[in-house]
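Protein chains: 2
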Amino acid sequence: MESNRRPGGRSARVRDAVRQATLAELAEHGYAGLTVENVAERSGVHKTTVYRRWGGVDGLISDALDLAGQEPWPVPDTGDIRGDLRGIVQLVRGGFADPGLGPVSSAFVAAAMQSPEAARALHAFFAARHEQSADVVRRAVARGELPAGVDAAEVIRVAVAPVYYRLFVAHEPVSERDADRAADAALAAARAGVLGGTAEG
Amino acid sequence: MESNRRPGGRSARVRDAVRQATLAELAEHGYAGLTVENVAERSGVHKTTVYRRWGGVDGLISDALDLAGQEPWPVPDTGDIRGDLRGIVQLVRGGFADPGLGPVSSAFVAAAMQSPEAARALHAFFAARHEQSADVVRRAVARGELPAGVDAAEVIRVAVAPVYYRLFVAHEPVSERDADRAADAALAAARAGVLGGTAEG
Numbered sequence: 001m002e003s004n005r006r007p008g009g010r011s012a013r014v015r016d017a018v019r020q021a022t023l024a025e026l027a028e029h030g031y032a033g034l035t036v037e038n039v040a041e042r043s044g045v046h047k048t049t050v051y052r053r054w055g056g057v058d059g060l061i062s063d064a065l066d067l068a069g070q071e072p073w074p075v076p077d078t079g080d081i082r083g084d085l086r087g088i089v090q091l092v093r094g095g096f097a098d099p100g101l102g103p104v105s106s107a108f109v110a111a112a113m114q115s116p117e118a119a120r121a122l123h124a125f126f127a128a129r130h131e132q133s134a135d136v137v138r139r140a141v142a143r144g145e146l147p148a149g150v151d152a153a154e155v156i157r158v159a160v161a162p163v164y165y166r167l168f169v170a171h172e173p174v175s176e177r178d179a180d181r182a183a184d185a186a187l188a189a190a191r192a193g194v195l196g197g198t199a200e201g
Numbered sequence: 001m002e003s004n005r006r007p008g009g010r011s012a013r014v015r016d017a018v019r020q021a022t023l024a025e026l027a028e029h030g031y032a033g034l035t036v037e038n039v040a041e042r043s044g045v046h047k048t049t050v051y052r053r054w055g056g057v058d059g060l061i062s063d064a065l066d067l068a069g070q071e072p073w074p075v076p077d078t079g080d081i082r083g084d085l086r087g088i089v090q091l092v093r094g095g096f097a098d099p100g101l102g103p104v105s106s107a108f109v110a111a112a113m114q115s116p117e118a119a120r121a122l123h124a125f126f127a128a129r130h131e132q133s134a135d136v137v138r139r140a141v142a143r144g145e146l147p148a149g150v151d152a153a154e155v156i157r158v159a160v161a162p163v164y165y166r167l168f169v170a171h172e173p174v175s176e177r178d179a180d181r182a183a184d185a186a187l188a189a190a191r192a193g194v195l196g197g198t199a200e201g
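Line by line, the protein sequences give chains X and B.
Note that the UniProt record's numbering gives residue 109 to position 109 of the first sequence, counting from 1, and the numbers run on in steps of one.
Note that the UniProt record's numbering gives residue 155 to position 155 of the second sequence, counting from 1, and the numbers run on in steps of one.
Same shape as in the complex, but just chain X:
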């Protein structure tokens, strides 16, 4: 068996090099500055190979998002829903504030606004994130902190949405307190029964 046919062989190494180069280029130059030429040069993979396997910039973005989606997402487990929701929203806030991660994450959001292929990839990324994060809501229901029947993904959306709204729509800063308030707002809504289920006690 040739080495480029084994999992982890030459083909996988090429893919990994290209995905890492795409993330690095996005961090440095953003979506608007991403080119196949730069990714090819940075990864050491020939330009014609990049075009053949990825098609172009949008294919590179989608594949890099797939890699980003496999990064560990440390869903908090603090023992109560308030702490868990605050933890999730602070993870989001902190990710965008991080000098390494922030520009890449922002570039994905920008890319998805311009490219339907990137939008589909980002949609899949967030569907997976919502599903993982929903664990904190399901545990809260099991502990009796939230009403049964609450829409777990919707609690997560409502909790994180104000952070994204400030960053990418209203272009306002996001403080730690802003993030906590967003989490607390989602919790109050879930407890009131407006996100599915019925109001608590």
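Note that these hints are calculated values from the structure, not bench results.
Mixed in with the good hints there might be a few duds.
What the hints assert, rightly or not - Partial selection, computed: residues in chain X whose CB lies under 10 Å from chain B:
1. 14
2. 16
3. 113
4. 126
5. 132
6. 134
7. 161
8. 184
9. 188
Even glycine gets a Cβ: it sits at the ideal position worked out from N, Cα and C.
Since chain X is already given, all that's left is putting chain B on it; use the hints.
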């Protein structure tokens, strides 16, 4: 007095033509397809004039946003805070769903992700929108529906954020029910006292 020095004279007509042409080009081609050449041709204003007065694409966007910010924003006054907040969120949802308005509004959000000048203009646009919309919260406080000291702009942010999050981040559809739930969630949070003020009752 020469006609091009009167308010509403030649200079104002040129500006209006260029701003209208920018909005029309954004509706048809989005931010990525906006060029000074196309705006000049569409408006009948010479390209060198457009470059001299607007500087380029980012200046055109900022000026068009200024025009968009002057469009009537019919803040609801239904007599209760639930109806008013739902009305505001449905206005946002409906605006993006509108075949004429939606693409232009989306182009502004996309532009602000790529251009600091457009981001500043969009920030100012939303600051004005928050301030106008906050009237519904202030009226609710006056009627005793919400606690005194509630952060009116934050109630508006929390209400509209899930719509923007679905549209521009998670790339999910937004139903009328989704919009109502977002409004109801903000109301529940405001009533619980987590958006400033203290809890009701």
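For the hint on residue 184 of chain X, just tell me whether its beta-carbon gets within less than 10 Å of chain B. 4 Å, holds
Residue 132 of chain X as an interface hint toward chain B, with CB separation required under 10 Å: With a closest approach of 14 Å, the residue 132 of chain X hint is violated.
Interface restraint verdict for residue 16 of chain X against chain B (beta-carbon cut-off 10 Å): 26 Å, violated
May I ask you to test the interface hint for residue 134 of chain X with respect to chain B, counting a Cβ-Cβ separation under 10 Å as satisfied? 14 Å, violated
Interface hint for residue 161 of chain X, Cβ within 10 Å of any Cβ on chain B: 4 Å, holds
Given residue 126 of chain X was flagged as interface, is its beta-carbon under 10 Å from a beta-carbon of chain B? Because about 4 Å separates residue 126 of chain X from the closest Cβ in chain B, which is inside the 10 Å limit, the hint holds.
Let me know if the C-beta of residue 14 of chain X comes in closer than 10 Å to any C-beta of chain B, holds or violated. Residue 14 of chain X check fails; min Cβ-Cβ to chain B is 29 Å, beyond 10 Å.
Agreement of hint residue 188 of chain X with chain B interface, Cβ distance less than 10 Å: Since chain B brings a Cβ to about 4 Å from residue 188 of chain X, closer than 10 Å, the hint holds.
Residue 113 of chain X as chain B interface residue, shortest Cβ-Cβ below 10 Å: Constraint on residue 113 of chain X satisfied, holds at 4 Å.
Violated hints, in rising order: 1, 2, 5 and 6; the structure is consistent with all others.
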